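Visitor: As a plain string of letters, each chain reads:
Protein chains: 2
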Amino acid sequence: MSYFRKNIEKMEGYTPGEQPALNSIIKLNTNENPYPPSPGIYDALKKIDPAVLRLYPNPSSDLLRNKIAGKFDVITDNVLVGNGSDDILTIAVRSFLSENEKAACFTPSYSLYPVLAQIQNTEIVKIPLEGKDFSFPAELVDKTSDLYKSINTAKIFFITRPNAPTGTNIKLEYLDKFCTIFKGIVFIDEAYADFSDNNALPLLKKHDNIIISRTFSKSYSLAGIRVGWAMASKYIINGMMKVKDSYNVNTVSQYLASEALDDTEYLKENLAKIIGTRKKLSDKLRNYGFKVLDSRSNFIFASPPDGNAEKLFKYLRSNNIIVRYFPGERTGKYIRITIGTDREIDILLKTITKYIDKYEKV
Amino acid sequence: MSYFRKNIEKMEGYTPGEQPALNSIIKLNTNENPYPPSPGIYDALKKIDPAVLRLYPNPSSDLLRNKIAGKFDVITDNVLVGNGSDDILTIAVRSFLSENEKAACFTPSYSLYPVLAQIQNTEIVKIPLEGKDFSFPAELVDKTSDLYKSINTAKIFFITRPNAPTGTNIKLEYLDKFCTIFKGIVFIDEAYADFSDNNALPLLKKHDNIIISRTFSKSYSLAGIRVGWAMASKYIINGMMKVKDSYNVNTVSQYLASEALDDTEYLKENLAKIIGTRKKLSDKLRNYGFKVLDSRSNFIFASPPDGNAEKLFKYLRSNNIIVRYFPGERTGKYIRITIGTDREIDILLKTITKYIDKYEKV
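Chains as they are written, first to last, in this note's numbering: chain C, 945 to 1306; chain Y, 945 to 1306.
The hints are simulated quantities; they were obtained by calculation from the structure and are not laboratory data.
Worth double-checking, as some hints may not be accurate.
Here are the simulated lysine-lysine pairs, DSBU-like style, with alpha carbons at most 30 Å apart [to be verified]:
#1 Y/1046 <-> C/1099
#2 C/991 <-> Y/1217
#3 C/1149 <-> Y/954
#4 C/1099 <-> Y/950
#5 C/1224 <-> C/1298
#6 C/1186 <-> Y/1186
#7 Y/1046 <-> C/954
#8 C/1186 <-> Y/950
#9 C/990 <-> Y/1127
#10 C/1186 <-> Y/1277
#11 Y/991 <-> C/1217
#12 C/954 <-> Y/1186
#13 Y/990 <-> C/990
#14 Y/950 <-> C/950
#15 Y/1277 <-> C/1046
#16 C/950 <-> Y/1149
#17 C/991 <-> Y/1186
#18 Y/1186 <-> C/1070
#19 Y/950 <-> C/1127
#20 C/1150 <-> Y/950
#21 C/950 <-> Y/990
#22 C/950 <-> Y/1277
#23 Y/1046 <-> C/1186
#24 Y/954 <-> C/950
All figures in this text were calculated on a predicted structure; none of them were measured in a lab.
Take these sequences, add in the hints, and give me the full structure.
Guide: Below you can see the structure in the form of structure tokens.
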């Protein structure tokens, strides 16, 4: 007999991107920041007194919450800290979705949403992004359209902004309109927002059905400490607090995240470098005949001239460069490349030049 | 309108024990270890290269899993690492309990189980421990009894061993028999097992429906890093892996837990000290006329001579000593005292002497 719930028994589980040993590997597959965290983190680690680790952490990460609130011009009651923004997503699913209810998201977008829905035993409706540019379907903000009606009863709609793996941004006006007509929670996953020229924060004061999540994993170069946070109304945060694990964020991570948040100057420099490298990489690949979507993130989604992304993916892999490949009718024509250091991207470009010389030149 | 699920909307949420600032407070309320973690943790913290924190952690904490497997004579596939053992409990609830199904536990035991059941929108049957000694009801291992029939269809039964807040141990023979007749998962929460003279590990090879959870929070003095683990059959661990968050344990905690596990000598000394202090405290309180349950844990459950535990709790609080008080018809006659350092327990005993002189002597 099976002890597991049927939905768990039959599911496959989420496959995180490969985390290989780094010796001689150029790792451009899981959208980590190529630069180390703020120098303040070096000092902070040294200052930790191991004796404090015998005690439980602050259950709601209050020092960090206060700091986040101050920085983003909300109040502490608007902030929930999580064990990575994946924890925030899990808390949201468990807060708003009963079994056999419905969630929704775009496709392609972050592949964890359908996995979380499956764990919760809820349906998830996937709205396809349209055309060559994976653009957001206009009918979705038309209440009378069949497309909108297909998600009308969903309790939560997950929107990655900038989107992954496309790197593109749903327009704020579109998002604003969607928040007005949609009756459930709009979960705006802003893991990559710092790499974009705008974000959805201005909508937070306008709509009571918005949750915005952020993370220290990308722009702050701290994927290893697992800290993310949600910003939402006090009412929503209070409810989600009841669902989170009591001590969901450990003492060291609360402290390091708090230190990283202080170093605004370092964050700016880091972002400027990555955005610069993103432009260089996008321009060069377009010169080589790639289709490159207009990225607002720390990765690009690029399709080689012959559309055979799997072949390019494997070629790069055999040359010790790991990028991400998502099989599928449409995504399978693209590879997703995390923006690395300039040195790493130079090596990538040289390797792609060789590939093109070998396979694509006539 | 409410965005939340009805079960979430109406629940109160778990209240963790108070985490006050430590200045001049003697904190004996949340069963933390009074001694600092292994000296190896001091060196380990210094060795961490912050540059590695830009990368995601190993998703399944494999180095730590391997080490745990080696130490407890199981294979790596028998081990799941969690963000504290609360994470293990949450994963189990989400793996084995569908909405409107049934879970079960003893009462009093760890008060988080009913909260997790409520979040999952499942019923939880609470089997009362019996009599003055809070003993485990014999009928529960009799398949034909009404008591057993009341939990016959439960999908998971949570057993804290040693139990909290009583500190007492369910007998291994009793547990063995229960695992044989019960058709669901028996979750044996061994957060305090290192303070006991035996544990349920020998049952793991005998029954395929057992999950044993452990933690670094108590015996290893590392509540602040949030690391716990489960041991179970490969089949159970595989299924629970699908439900856990992808990167549920951060890089620093994986590393520190792994270092702590190596220092067997320090663990032994630490345990010996706490068990010694536990005996001293229990003996002295019994001399004062307290009823003290026979603890196998790092805390004791003690009832003052007049049974007015709330009054004693408040008196201690006003003298900067925090212990735990659980209101209720039966638990309300007791206070739970975490075993502190000898110095802390001496101060506690002096304060209790004053209390008895003031209120209980005629």
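Visitor: Going through the numbered hints above, which ones does this structure break? Give me the numbers in ascending order.
Guide: 9, 15, 17, 21, 22
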